[in-house]
Amino acid sequence: MKPLKLDVKSYQELLKQYIVSEDETSLYQAEQFSKMSMQQKISPEEIIDVHIQALKELYPDLPAEIDASLDFLMETMISYGLAYQEFQSLREKQVELQSEISVAASMQQSLLSTTKPNVKGIDIGAISVPANQMNGDYYHFVNDDAGYLGIAIADVIGKGIPAALAMSMIKYSMDSFRETQRNPKTVLENLNRVVERNVDSSMFITMYYGLFNLNTNLLQFSSAGHEPGFYYNASKDEFFDIEGNGLVLGVMNNASYEQYEIQMEKDDIVILLTDGVTECRIGDRFIEREEILEVIKEYIHLPAQEAVESVYKYFEKLQDFHLRDDFTLIFLKKNV
Amino acid sequence: MNLDIKIEEEKDLTYEVFLAGEIDAYTAPKLKDALMPLAEKDNASITVDLNRVNYMDSTGLGVFISILKATKEHNSDLKLVSLQDRVKRLFEITGLDSIILIDSTVQGGN
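Read top to bottom, the protein sequences are chains E and L. Numbering-wise, UniProt numbering puts 53 at position 53 of the first sequence, and it's gapless, one number per residue. Numbering-wise, UniProt numbering puts 109 at position 109 of the second sequence, and it's gapless, one number per residue.
Isolated chain E, as found in the complex (with noise of 0.2 Å):
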């Protein structure tokens, strides 16, 4: 076989050998042919204008009704090869679209990154895993110098870059408040109210605030309609759903949230989480929370950062396991 060019001659040739023999070498030579000119970019009405050119040369003696059909045809293939070049210019453009969405989601990490902080006393674990490439979870440990750990689980709703964008607008909203106005309680209740003036009608933030006091062990928290997480009371070795009912923060101006406390012990344990986790799913089948808490049971004698990848990766490895939200989990364990 010559290698083919994309010239009328060649075509010629090509179809006068398909004309002849009807043998596949040529048809296969046809496909190549149509394949190369994709490549150049030739439209589909610039093809049957050579296959016209072609035919008319090997074909003096062409019917006018033949003839006025190829033209009729041509002026019909002109709408395809418009609709061609729109979808390569479309093609190219998600290409960019694509890489520019990888640069932000990169940015949003860097944007957000929180360092899990070293704290005496307690045991920290914390591992957040995007469904998709911009992570709608959001957590976040404040610790100041007066003795405080705050901690922020959220959720943005409504997915996708809107959402990872109103995550940052959360995270420096709170960075940007005076520590008088840390309690749960308040935090959420101003959080609230930035996200309501700011975001759309259908998007809202799902949040957890802790506040935790390493002179008096006493957690102070608030819940914007989160997952609720669970608590471990070590001294009766029973796992107890954390409670704390709020409104989702972004829906109403003027909510208000109750604020709850837990006096830690010993070997307690705070587990918090996103609704990812329990809306996992393995084929058709939800997991249920208490078979979470179960997988959790089983890794959480170990450290706080170990278990908490250990419950990940548990899931992970289950077939046919599909992750359709983002996924965090944090363990706070109490081992002083």
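Accuracy of the hints is not assured; some may be wrong.
To be verified - Straight-line alpha carbon distances no greater than 30 Å define the calculated DSSO-like cross-link-like pairs of lysine-lysine that follow:
1) L:Lys32 with L:Lys88
2) E:Lys16 with E:Lys93
3) E:Lys171 with E:Lys334
4) L:Lys88 with E:Lys297
5) L:Lys30 with E:Lys185
6) L:Lys72 with E:Lys185
7) L:Lys41 with L:Lys79
8) L:Lys32 with L:Lys72
9) L:Lys88 with E:Lys185
10) E:Lys16 with E:Lys35
11) E:Lys266 with E:Lys334
12) L:Lys69 with E:Lys171
13) L:Lys72 with L:Lys30
14) E:Lys93 with L:Lys11
15) L:Lys6 with L:Lys79
16) L:Lys32 with E:Lys93
17) E:Lys35 with E:Lys93
18) E:Lys35 with E:Lys9
19) L:Lys30 with L:Lys41
20) L:Lys88 with L:Lys41
21) E:Lys16 with E:Lys116
Unchecked claim - Computed Cβ-Cβ distance ranges for the label pairs, DEER-style:
22) E:Gln263 with L:Glu9: 52 to 60 Å
23) E:Met107 with L:Ala20: 51 to 59 Å
24) E:Glu291 with L:Asn43: 45 to 53 Å
25) L:Glu9 with E:Lys313: 46 to 54 Å
26) E:Glu309 with L:Glu92: 25 to 33 Å
Calculated directly from the structure, the hints in this document are not laboratory data. Backbone N, C-alpha and C define an ideal beta-carbon position, used for all residues, glycine too.
Put chain L on the given structure of chain E with help from the hints.
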């Protein structure tokens, strides 16, 4: 999975909407498109029957929040009935049952 939406106009401006299937990121836009024109009518009354909705995620909640906001602006009513337990729990956790009227006397099965 898909979401099936059936709208019945009981009488003038009184609508009953029957949903069947799953409400998630894929079906939520379709639900919003179907409900929004009703919510934007003045003095309308909309009842959404969720008896046959076996799964809803937080995107679904987002749709109901924006529908609720639209009904408030147009002096209309929104009511959700026959919620399955899993779906009902979602409204309870998020505190949305305190601002959206949910009729729990009509409990959903299974």
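task: Against the earlier hints, flag every one the structure doesn't satisfy and list their numbers going up.
output: Failing hints, ascending: 2, 5, 14, 21 and 23.
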